[in-house]
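Colleague: Below are the chains, spelled out letter by letter.
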Amino acid sequence: MSVTLPIYLDNNATTRTDPRVVDVIIPFFSNAYGNAASKSHPFGWAAEEAVDKARAQVASLIGADPREIVFTSGATESNNLAIKGIAEMYAEKGDHIITVVTEHKAVLDTCMHLESTGKSVTYLEVDDNGLINLDDLKAAITDKTILISVMAANNEIGVLQPIAEIGAICKERGIIFHTDATQIVGKIPFDVEALGIDLASFTAHKMYGPKGIGALYVRRRSPRVRLSAQIDGGGHERGFRSGTLNVTGIVGFGEAAALCQAEMASDAARLQVLRDAMEARLLDQIPECQVNGSREHRLPGLLNISFGFVEGESLLMGLCDVALSSGSACTSASLEPSYVLKALGVGDELAHSSLRFGLGRFTKPEEVEWVTEKVIAEVARLREMSPLWELHLEGVDLSTVQWQPH
Amino acid sequence: MPYSDKVLDHYNNPRNVGSFDKSDTTVGTGIVGAPECGDVMKLQLKINADGVIEDAVFKTFGCGSAIASSSLATELVKGKTLEEALKLQNTDIVEELALPPVKIHCSVLAEDAIKAAIADYRQKNGITA
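Heads up: the sequence lines are chains A and B, in that order. Going by my numbering, 698 is the number at position 316 of the first sequence; the sequence numbering is gapless. Going by my numbering, 986 is the number at position 97 of the second sequence; the sequence numbering is gapless.
Hint data in this document are derived by calculation from the structure and do not stem from the laboratory. Glycine is no exception: its CB is placed at the ideal position from the N, C-alpha and C atoms. Just to be clear, a hint being listed does not mean it is correct.
Which chain B residues stay away from chain A? Per the calculated CB distances, all over 10 Å, these [said to hold, decoys possible]:
| id | residue |
| --- | --- |
| 1 | Thr914 |
| 2 | Thr915 |
| 3 | Glu925 |
| 4 | Val929 |
| 5 | Asp939 |
| 6 | Ile956 |
| 7 | Lys969 |
| 8 | Glu984 |
| 9 | Arg1011 |
| 10 | Gln1012 |
Distance windows between CB atoms, simulated [as the list claims (entries may be wrong)]:
| id | chain 1 | residue 1 | chain 2 | residue 2 | range |
| --- | --- | --- | --- | --- | --- |
| 11 | B | Asn902 | A | Ala651 | 14 to 22 Å |
| 12 | B | Val941 | A | Trp785 | 24 to 32 Å |
| 13 | A | Lys435 | B | Asn902 | 57 to 65 Å |
| 14 | B | Gln1012 | A | Cys702 | 57 to 65 Å |
| 15 | A | Cys702 | B | Arg1011 | 39 to 47 Å |
| 16 | B | Phe909 | A | Gly594 | 41 to 49 Å |
| 17 | A | Ala762 | B | Glu984 | 28 to 36 Å |
| 18 | A | Thr782 | B | Glu964 | 29 to 37 Å |
| 19 | A | His495 | B | Phe909 | 53 to 61 Å |
| 20 | B | Glu984 | A | Ala395 | 33 to 41 Å |
| 21 | A | Lys756 | B | Val991 | 25 to 33 Å |
| 22 | B | Asp910 | A | Lys756 | 31 to 39 Å |
| 23 | A | His495 | B | Asn902 | 48 to 56 Å |
| 24 | B | Ser893 | A | Lys756 | 17 to 25 Å |
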């Protein structure tokens, strides 16, 4: 089996920009470099036309109207704009926001910031599959609730929340529904009308587009969602987000969206087959390992798995030829296990020894096979060296051992 | 995090991985650390009638530096008397492996494991130091 090292399996962190996208972007650096807001000359007109086309491509991917797309610098900015923008605009109506403990930091830290300004936030817990309970959500709603923000697909475990059901609850209660759709858009079907979404954040670089360009979908009809801008200036993007448009980024985003729309079904089916084969082989060959998050409600190309009795950093060291993410921030001095895995009830030890494999459009089957066999070999080798594995094989329950923490 | 060549060498080719029979009176066993801290080291020494460490083995759950520290510890203690082995310090391991500051605790753990194994041997055989 011949593969080129290192192998990239971190597609939920970012993706390679599709070469077809790069080809479309290049002319906008050198020839059509006008400012899309310049109305008086052909350079500006060409840029504006390209932005209009891209806006339509991005809107089409999520079933929106082009006028409902606000370009931003990325999903973090979109999340900030959505949540802070609603909190400010609807301050007279209420001051309560509901979100989930497993959200991305861009949502959680934004909510925490709002708490420091006097808003009230409920953070819903998740079950051991990573899913929220809709009854908990309904129970958390008060007459002061103005916004519910629940991510569509989780970045660490790929779990898909019941977005359509949440959309229906929001509609019934007259509450604005925002979803961080960063991981889902372009990967599997996502339609703002069918799901009842009012605001959706997403970004180009997770779907084979360039970094530095994202979007916020803002519903225009039933209801018409209003937002307080977070960046003031020239009134671009209908006043929602000032700043000269990132034409090269937008053009690339549009092309990436069009490619995703055309190839989503085949990409998703292919990745699901590869991921399922990897998962089945690992579960079959490695005793005492577990898949984290719902296996039923999950993105097709993502696998998060914990290996008992081996330590995470040493496992990553053994997999130094593979680009992937682990369940702990072990490259920093603090050994902090993933808050997402902790929320699922995964213990610290298993959280530390968890790996996230993120397959993508450019992942080859032989690369997945190579990594799978390497993981099997490394886990076996490290367990051979592990006193915990030895105790486990002797039938000792590790929780009953008197350890000497240092 | 960049690892020194010596850490990588011990991680890729650990010396003296294994176990001795814990109940053997010529064997001293030291287990230190805790799973929730991310490191557990088990070091075992086989000691002859003259009080010399004839053989040493380890098993370690921990990062690459922890594995390297314990692997090196087994090499360092072999052939030493118990008194000599007790004089080994974590700084010897830090120097040899060029451990960065955040990994010094791995060397401390290895030193503790040597001391714990010797204490176990002495206790088993009714020897007071």
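Colleague: Just pull the numbers of the violated hints for me, sorted ascending.
Modeller: Hints 3, 4, 6, 11, 14, 16 are the ones this structure does not satisfy, whereas the remaining hints hold.
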